[in-house]
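Student: Protein chains in written order, with the numbering used here: chain A, 1 to 171; chain B, 1 to 198.
It cannot be assumed that every hint is accurate.
Facing chain A, according to a computed beta carbon distance under 10 angstroms, are these residues of chain B, among others [unchecked claim]:
#1 Val37
#2 Arg43
#3 Lys48
#4 Ala55
#5 Gln56
#6 Asp67
#7 Tyr69
#8 Ile86
#9 Ile88
#10 Glu139
#11 Val160
#12 Asp162
#13 Arg185
#14 Gln188
Derived Cβ-Cβ restraints for the label pairs, each shown as a range [said to hold, decoys possible]:
#15 A:Arg19 - B:Pro175: 23 to 33 angstroms
#16 A:Arg74 - B:Asn64: 38 to 48 angstroms
#17 B:Ser77 - A:Ala35: 34 to 44 angstroms
#18 B:Thr181 - A:Glu8: 15 to 25 angstroms
#19 B:Ser77 - A:Ser26: 41 to 51 angstroms
#20 A:Glu9 - B:Glu23: 20 to 30 angstroms
#21 B:Pro175 - A:Arg39: 31 to 41 angstroms
Mimicking DMTMM-like on lysine to aspartate or glutamate, the simulated pairs with C-alpha atoms at most 25 angstroms apart in a straight line are [claimed, not checked]:
#22 B:Lys81 - B:Glu49
#23 B:Lys142 - A:Glu9
#24 B:Lys74 - A:Asp5
#25 B:Lys180 - A:Glu9
Just so you know, these hints were derived from the structure itself, not from any lab. Glycine included, C-beta positions come from ideal geometry on N, C-alpha and C.
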Amino acid sequence: MIEHDFDEEFVPIAAELQRLPYLSPSRDFADRVIARIDRLQPARIAPVTAARHLELHQGGQQAVTPRRQMGVLRATGRATAGVALIAAAAFMFFEIDVLTAILSAAVTQYAFTLAAVGSQVGAVVLGSETIAYLQAGALQAIVLYIALAFGLICGYAGIRTAAHIAKRKAA
Amino acid sequence: MPARSYTDVSDQQVVVFAQEGREDAYRELIRRYERPVFSLIYRMVRDKETAEDLAQETFIKVLNNIDRYRPEFKFSSWLFKIANNITIDHLRRRQVDTISIEGSPNAITAESARATAVTVTSGGESPLEELESRELGAEIEKAIARLRPEYRACIILRHVEDYSYDEIAEIVKLPLGTVKTYIHRARQELRQYLGDLR
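Isolated chain A (complex conformation) (with noise of 0.2 angstroms):
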């Protein structure tokens, strides 16, 4: 109850103030006011704003993954393209045949190395036997290359001794 602060010919009619009823809104006036408060609205579809990949979102949640393979794609991509720009490098400040035989120093004190490994992998893989075939095949190889290369060698040889003796007898 309010103080008396007006008055006496006023109390008759703050009374009457007082007995005036509350006046109600429609029934569904609640759920309307309740439809319309955003925090309790369900979540709505968060929109998609990386457009790279068409991913499907529902309900909040990605109903999809990327694909893998596309990354491992565009790191492969990255990788060359990292690899050719170092080449590039390379080639502009180091002369080539300077890179050449850095590159060949590295293939020559690898190469052993290289072939042991190979070898212990092959035999454990093919077995022993398939490999001392293989390698006995190889030593053949290389002892006919030799002979080859020797002939070739030879036979350069002897041709221009020839060519050198009909010079002086013409001469």
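With chain A's structure known, arrange chain B on it following the hints.
Tutor: Coordinates of chain B only, in the frame set by chain A:
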């Protein structure tokens, strides 16, 4: 989340539950204040549909910003403040002074008038008392409707909702002296309008 009973829970505590996102707390706040807010707005605008729209707008604004509520103030004061702001803004856009508790002043036919009539809650009186009360109440309603909107808000908050002058000044965003002046003048005008009944 199961609905709980809020029978002995204060407004501030219900607000805390609402801030946690409990729908039953939102519904409880609406249940407690839909009639006082709707009544205030209706007595300001004198049109049921408009009053419903404005009351709905009031609750949506309050409940969507429930996190901004400061518990050092009465929740009802904050609610009435927003209701008053929304109603005054509406009245500034469109002056509505015609009165008819039996239906909207815009109603053309009897059916539309009945459709827009408001529901008045009975106080459990005898039929004769209820009739007299309704007649007196209707006269009071008419008298209130003849007041300036600023006077209406102040006199309703003072004599219907029992707010102090300070609280009314806070709700209607007017200086305390202005509020006292408005209420004094409103009482004088009401006494004048209702003089024939006394």
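Student: Could you tell me whether the CB distance from Arg74 of chain A to Asn64 of chain B stays inside 38 to 48 angstroms?
Tutor: Since the Cβ atoms of Arg74 of chain A and Asn64 of chain B sit about 44 angstroms apart, the hinted range of 38 to 48 angstroms holds.
Student: Are Ile86 of chain B and chain A close enough, Cβ to Cβ, to be under 10 angstroms, as the hint says?
Tutor: Violated: closest Cβ of chain A sits about 14 angstroms from Ile86 of chain B, beyond 10 angstroms.
Student: Assess, step by step, whether the Cα of Lys142 of chain B is no farther than 25 angstroms from the Cα of Glu9 of chain A, and give holds or violated.
Tutor: This hinted pair holds, its Cα atoms lying about 19 angstroms apart.
Student: Closer than 10 angstroms between Cβ atoms is the bar; does Arg43 of chain B clear it against chain A? Give me holds or violated.
Tutor: Where the cut-off is 10 angstroms and the nearest Cβ of chain A is about 8 angstroms from Arg43 of chain B, the hint holds.
Student: Return the status of the interface hint for Val160 of chain B: holds when the least beta-carbon distance to chain A is below 10 angstroms, violated otherwise.
Tutor: holds, 6 angstroms
Student: Does Arg185 of chain B pass the interface check with chain A, least Cβ-Cβ distance below 10 angstroms?
Tutor: violated, 12 angstroms
Student: At the C-beta level, are Ser77 of chain B and Ala35 of chain A separated by a distance inside 34 to 44 angstroms?
Tutor: Taking Cβ atoms as reference, Ser77 of chain B and Ala35 of chain A lie about 26 angstroms apart, which means the hint is violated.
Student: Is the gap between the beta carbons of Pro175 of chain B and Arg39 of chain A within 31 to 41 angstroms?
Tutor: Given a distance of about 36 angstroms, which is inside 31 to 41 angstroms, the answer is holds.
Student: Do the numbers back the hint for Asp67 of chain B, that is, is its least Cβ distance to chain A under 10 angstroms?
Tutor: Constraint on Asp67 of chain B satisfied, holds at 9 angstroms.
Student: Does the closest beta carbon of chain A sit nearer than 10 angstroms to the beta carbon of Asp162 of chain B?
Tutor: holds, 5 angstroms
Student: For a C-alpha distance cap of 25 angstroms, please report whether Lys81 of chain B and Glu49 of chain B respect it.
Tutor: holds, 21 angstroms
Student: Less than 10 angstroms between beta-carbons is the criterion; does Glu139 of chain B satisfy it with respect to chain A?
Tutor: Glu139 of chain B check passes; min Cβ-Cβ to chain A is 8 angstroms, inside 10 angstroms.
Violation of the numbered hints given earlier is confined to hints 7, 8, 9, 13, 17, 19, 20; the remaining hints are satisfied by the structure.
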